[in-house]
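Line by line, the protein sequences are chains A and B.
Heads up: the first sequence is residues 140 to 462, going by the working numbering.
Heads up: the second sequence is residues 294 to 804, going by the working numbering.
These aren't lab readings, by the way, just hints derived from the structure by calculation.
The reader is advised that the hints may include incorrect statements.
Claimed, not checked - Derived pair list, reagent style DSS-like, types lysine-lysine, alpha-carbon separation capped at 30 Å:
1. B:Lys634 x B:Lys692
2. A:Lys237 x B:Lys483
3. B:Lys491 x A:Lys237
4. B:Lys474 x A:Lys237
Stated by the list, open to error - FRET-style restraints, in silico, Cβ to Cβ:
5. B:Ala535 x A:Gly402: 23 to 33 Å
6. A:Thr305 x B:Pro329: 50 to 60 Å
7. A:Ala282 x B:Ala535: 28 to 38 Å
8. A:Leu273 x B:Asp493: 19 to 29 Å
9. B:Arg330 x A:Leu304: 30 to 40 Å
10. B:Pro329 x A:Met443: 49 to 59 Å
11. B:Ser764 x A:Met443: 34 to 44 Å
12. B:Lys328 x A:Ala321: 29 to 39 Å
Unchecked claim - Listed next, the stretches of chain B that the computed footprint assigns to chain A, with coverage defined by at least 3 CB atoms under 8 Å from CB atoms of chain A:
13. 351-357
14. 458-470
15. 509-515
16. 526-533
17. 680-687
18. 783-792
We put the CB at the ideal spot given by N, CA and C, even for glycine.
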Amino acid sequence: MVEKARPTRAPVRLLARTGLVVVKRAVLLAVLLALVFGTVELLPGDAATAISERGESAADTEERRRLLGLDQPVLERFWDWMSGLPTGDLGTSARGEKVTDLLSTAFPNTLLLGGLALLLTALLSTVLGCWAALRPGGRVDRAVSGSATAVLALPEFVVAVALVLTLSLWTGWLPAVTIADADGTPASWEMLILPALALTIPQVGWNVRIVRAALADEARAPYVETAVLDGLPPHRVLTHHVLPGALPTITAGLATSTGMLLGGAVVVETIFNYPGVGSVLASAVTDRDSPVIAGVTALSGAVMSGVLLLADLVRDLTAGARR
Amino acid sequence: MLWVGGAIGAGALLTACGGADDEEPTGSATGDSAKPRKGGTLRVGALGRAGAITRDPHGTQANESDYLILSLIYDTLTVPGTKPNIEPRLAASWKASDDLKTWRFTIAKGAKFHDGSAVTAEDIVFSLKRLRATPAGASRLPGIQEKNISAEGTDTVVLVSDYANAELPLLARLTTFVIPKGTTDKDIAKAPGTGPFKLDWFRGGNARLVRNDDWYGGDVYLDAIEVKIFESPQAMASALLADQIDVASNVGAVAARTAESRKDIQTVRRPNDMAMPIVMRTADGPFADAKVREALRLAVDREAMVKQVLSGYGTVANDILGTGDPAYDKSLPQRTRDLDKARELLKEAGFDTSKTYELYTTEDISGLAESATLFATQVREAGVKVKVVKQESGTFWDKTWLKGDLYTTYWGTNDSVVFFASKTMVSDSGQNEAGWKNETFDTAYEEAIGTAGAVERTALLKQLQRIEYDSSGYLLWGMADGIDLAGSAVHGLPTLPGYGRVQLEQAWLAR
């Protein structure tokens, strides 16, 4: 009886749990957005003073404050902004542009860059980690682990500047910066290479170490030893026995990287002039532009939540499959 | 935050181009005699922040890229010039009443919007009233109430100032963009302009503009201009070096130094672009005694400041703001370093040299914080201990500006002595940065702006500058050049400081 019921009940349970997690994350996001409004309030100056011009009188700035709705209590402004959220209305910037307009191409651009970097990170770190794990303590293992530590310690901007100098300004192989087209996206795909690499390299350092460690852990499992004793070739043991077991840890590592990729994007986008959300966010903080900051936070928060949820699901599924 | 802009009146300052040596590169970005060639697309990089984008010609434009785009599409009544510092644009001519209060601007013949309709006085009145109604309106059109903007016939606009003001045409530069009457805020981005270029597309701060063949203002050579927004000068310099853009507008001294070794890159120096004076509070506090301020002016090593803070891309100044004004008084003795005299003055004033004084600064513009640091090192040699405190921009403008005893400030409009007098030095001026009150100065100012005759006016302006030189709260050690970098094919770039750099209608490409 019980055995038979499992296939139908498991998806339902999974769905319920997913639903609960989504609700939890949504609440968390709302709290985060409230924090954004509260924090901007604590910063010295406000959007009215930030966008006012020299020579404006206190009355002029007060008028700006009124026009921007800053004379309302912060709670009310937060509530106004939140109530627009379900309809996709992210409010208006301090300079009168719709926040959705400011983010409509910038956010997809950042997702494209971040996604590309994540994909590259996943591929490179898994391949390098496996290669190193094939012969633990061997020459390859020492080289990969050693350089992973070195690369991990490099900040994105150092990598970015080095890449611009070597692959663009000195050699002329790739464009130095990204320039956007009439549709707001990078004018050519080659412009994506350098920023993606600048984001990927430090993250590969981090993830190679995780992959390598996870594989080493898994290699000590009894069933792996059995496979080795059965005389299976090392690469087959790696791909069919060790790697699947290490997947949950590797996925969790990559999920953590997503956050760091988004954070690193702010720096990398500036250096490569990449038309992403990083530059929008940086200037919005300077302008104390709460609706814009909150808009960026809401979208990035949603994406981060989605990625973490996906990582949880992958972990559950792979772990479940092995149980 | 800051409205930077302006022009100079010194034709002699037309800049030399080229790198470190005197050898000219293949061409010259400015002032060359070759016959302009028609055609081509000029790719211009300009600074801007993606979150601060605005499309409103009467909005607060923080982005140089936005302002560049707007000023190519829309025309202002007058524009900055070389000599004189005001040139006609949409207003072909102007005339004042005897009391210098009523000004009549006549519209240029053949001026048309990009949709083909003729520009009327009603359009200009609508635009000026729209500008006046913004929160920045009172400072952009000082002394002009909304009700005192009116049309006279179809081609004349009348502005009546609350007080005599010989500088009104100067104030009509930079922000008086004209749009068709009745344009709503919702449609502002689509409003046709009258300028040398028409908008092809705009997206995320980048834009493509195409030539307006019907422009009333003369021949335009370029087929199109593409404006690219850059968040950092470094990225913009990289783009120029990698030939992704043709001009890096206002890219700064650091980039110019990097590009010095490249023979195919031209450096355009625009003198008198930026003033970064040190403000010493005169109203009260440790610097209220004029002798103390004089001592600091003698303790600073101006040559060293220009060399180190501006990488040599600048000129030594003499504590008078408005260095690009044709009426700037060059006959006043240049202050140079005199540490003995400085110590003596400090002693006379009973200045407490045992204390450490804080100098507030920001990193708003390149070189500002560096100027504070070097200044602190220099005045220490005269026995004044100064500690530099770097503030985040928002904090600085909120807490320190107009209030602090000692801080750095910066100004981008440097072609008018009267501009500074009216904004920052007259007793009741709104941005009296040093809290300076000087009745003789106030009288001299009022007389100067109420005088139409050129000779008398120049004499009054000299008097004004003498008082400022002797006792104002400013220490102006030097003037930074504006620096653009350009590829070798680019010709006809403007050499004006400030927002004079946006006048690209004369630019052309030799390729």
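(request) Could you see if the CB distance from B:Arg330 to A:Leu304 stays within 30 to 40 Å? (result) holds (34 Å)
(request) With respect to the beta-carbon atoms only, verify the hint that B:Ser764 and A:Met443 lie 34 to 44 Å apart. (result) At roughly 59 Å between Cβ atoms, A:Met443 and B:Ser764 fall outside 34 to 44 Å, so the hint is violated.
(request) Between the stretch 458-470 of chain B and chain A, see if three or more residues pass the 8 Å beta-carbon test, and mark the coverage as holds or violated. (result) violated (count 0)
(request) With a C-beta cutoff of 8 Å, work out whether three or more residues of the stretch 680-687 of chain B approach chain A closely enough for the coverage to hold. (result) holds (count 3)
(message) A range of 19 to 29 Å was offered for this pair. Does it hold for the Cβ distance of A:Leu273 and B:Asp493?
(response) 57 Å Cβ-Cβ, so the 19 to 29 Å window is violated.
(request) Count residues of the stretch 351-357 of chain B with a Cβ under 8 Å from any Cβ of chain A, then say if the count reaches three. (result) Three-residue rule met by the stretch 351-357 of chain B, so holds; n is 3.
(request) Report holds or violated for chain A covering the stretch 526-533 of chain B, Cβ cut-off 8 Å, minimum 3 residues. (result) The restraint on the stretch 526-533 of chain B holds, since 5 of its residues have a Cβ under 8 Å from chain A and three suffice.
(request) Go check the stretch 783-792 of chain B versus chain A for me, would you? Three or more residues, Cβ under 8 Å, otherwise it fails. (result) This one is violated; 0 residues, fewer than the three required, reach chain A with a Cβ under 8 Å.
(request) Can you let me know if the beta-carbon spacing of B:Ala535 and A:Gly402 is within 23 to 33 Å? (result) Once the Cβ atoms are compared, 27 Å apart, the range 23 to 33 Å for A:Gly402 and B:Ala535 holds.
(request) Verify the proposed pairing of A:Lys237 with B:Lys483, using a straight-line Cα cut of 30 Å. (result) holds (15 Å)
(request) Take a look at whether the Cβ-Cβ distance between B:Lys328 and A:Ala321 falls inside 29 to 39 Å. (result) holds (33 Å)
(message) With the threshold set at 30 Å, check whether the alpha-carbon distance from B:Lys491 to A:Lys237 stays at or below it.
(response) Judged against 30 Å, a Cα distance of about 24 Å means the pair holds.
The structure shown violates the earlier hints numbered 1, 6, 8, 11, 14, 15, 18.
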